[in-house]
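Below, each chain spelled out in residue letters.
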Amino acid sequence: DTGVSQNPRHKITKRGQNVTFRCDPISEHNRLYWYRQTLGQGPEFLTYFQNEAQLEKSRLLSDRFSAERPKGSFSTLEIQRTEQGDSAMYLCASSSYRGVSTEAFFGQGTRLTVV
Amino acid sequence: SQQGEEDPQALSIQEGENATMNCSYKTSINNLQWYRQNSGRGLVHLILIRSNEREKHSGRLRVTLDTSKKSSSLLITASRAADTASYFCATDAYNQGGKLIFGQGTELSVKP
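Taken in order, these protein sequences are the chains called A and B. Just so you know, we're using this note's numbering here: the first sequence kicks off at 7 and counts up by one. Just so you know, we're using this note's numbering here: the second sequence kicks off at 105 and counts up by one.
These are calculated hints, taken from the structure and not from any lab test. Please read these numbers as outputs of a predicted model, since none were measured by experiment. Beta carbons: idealized from backbone N, C-alpha and C, even for Gly. Be aware that a few hints might be false.
[Said to hold, decoys possible] Simulated DEER-style distance windows between Cβ atoms:
| hint | chain 1 | residue 1 | chain 2 | residue 2 | range |
| --- | --- | --- | --- | --- | --- |
| 1 | B | Gly201 | A | Phe80 | 31 to 39 Å |
| 2 | A | Lys63 | B | Arg154 | 21 to 29 Å |
| 3 | B | Arg145 | A | Val121 | 18 to 26 Å |
| 4 | A | Ser79 | B | Gly201 | 19 to 27 Å |
| 5 | B | Pro112 | A | Ser79 | 34 to 42 Å |
| 6 | A | Gln60 | B | Ser116 | 40 to 48 Å |
| 7 | A | Glu89 | B | Arg145 | 21 to 29 Å |
| 8 | A | Arg104 | B | Asp170 | 22 to 30 Å |
| 9 | A | Lys63 | B | Thr168 | 30 to 38 Å |
| 10 | A | Val121 | B | Lys173 | 41 to 49 Å |
| 11 | A | Thr19 | B | Thr168 | 43 to 51 Å |
| 12 | B | Glu121 | A | Gly78 | 44 to 52 Å |
Isolated chain A (complex conformation):
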């Protein structure tokens, strides 16, 4: 297994366009997280999944953001009608959850620039 893979690595889009990011977690991991990180800040929680079930979506997240994990394997994060404030690094992580959290493995992230 090569670890958590995120695609694309970089995305430049015009304001108002929709973008979709993909995350392929470590295959045996049942938990998948999405975070957003801006320069000089810590990762901000967006949402997470247990298998295919979305457990929670951050209240800070607008309705323009949606995430799926259709078969409990890969996940997609879609941002509709992008705004300049959406420019950030989007990080995906996966872990093996057994009642409490364990070590999370992160992908290299997708850097989004909205122009």
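Chain A is fixed; fit chain B onto it per the hints.
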């Protein structure tokens, strides 16, 4: 919202010195984890300490946890230039379904 708050925000030391970073949190936890991030890269897990543990070691890393003060510290001994990175604590808060919440991080610079 961030559960953990790291202190200091930035730390600059010479190679060979020890680096200590602190993390304070607000609610009861199942465990606390420390991660490292090199510039522009993903995060790498360093160490996990459970709520019933007080100290853990891994190589040059030593983590302590004081649940009465709701704080943790990460000590890197005999630092190297390659330790230059940002360090984050993440908490798995009790009754929050295993959601990991990160602090703002400490930016460590180790000068050769």
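Do the hints match the structure? See the list:
1. B/Gly201 / A/Phe80: 31 to 39 Å: violated (22 Å)
2. A/Lys63 / B/Arg154: 21 to 29 Å: holds (28 Å)
3. B/Arg145 / A/Val121: 18 to 26 Å: The hinted range 18 to 26 Å holds for B/Arg145 and A/Val121, with Cβ atoms some 24 Å apart.
4. A/Ser79 / B/Gly201: 19 to 27 Å: holds (21 Å)
5. B/Pro112 / A/Ser79: 34 to 42 Å: holds (41 Å)
6. A/Gln60 / B/Ser116: 40 to 48 Å: Holds: the Cβ-Cβ distance is about 41 Å, inside 40 to 48 Å.
7. A/Glu89 / B/Arg145: 21 to 29 Å: Given range 21 to 29 Å: holds, Cβ gap about 26 Å.
8. A/Arg104 / B/Asp170: 22 to 30 Å: For A/Arg104 and B/Asp170 the Cβ distance comes to about 25 Å; the hint holds.
9. A/Lys63 / B/Thr168: 30 to 38 Å: 34 Å Cβ-Cβ, so the 30 to 38 Å window holds.
10. A/Val121 / B/Lys173: 41 to 49 Å: holds (46 Å)
11. A/Thr19 / B/Thr168: 43 to 51 Å: holds (44 Å)
12. B/Glu121 / A/Gly78: 44 to 52 Å: holds (46 Å)
The structure fails to meet hint 1 from the earlier list, while all remaining hints are met.
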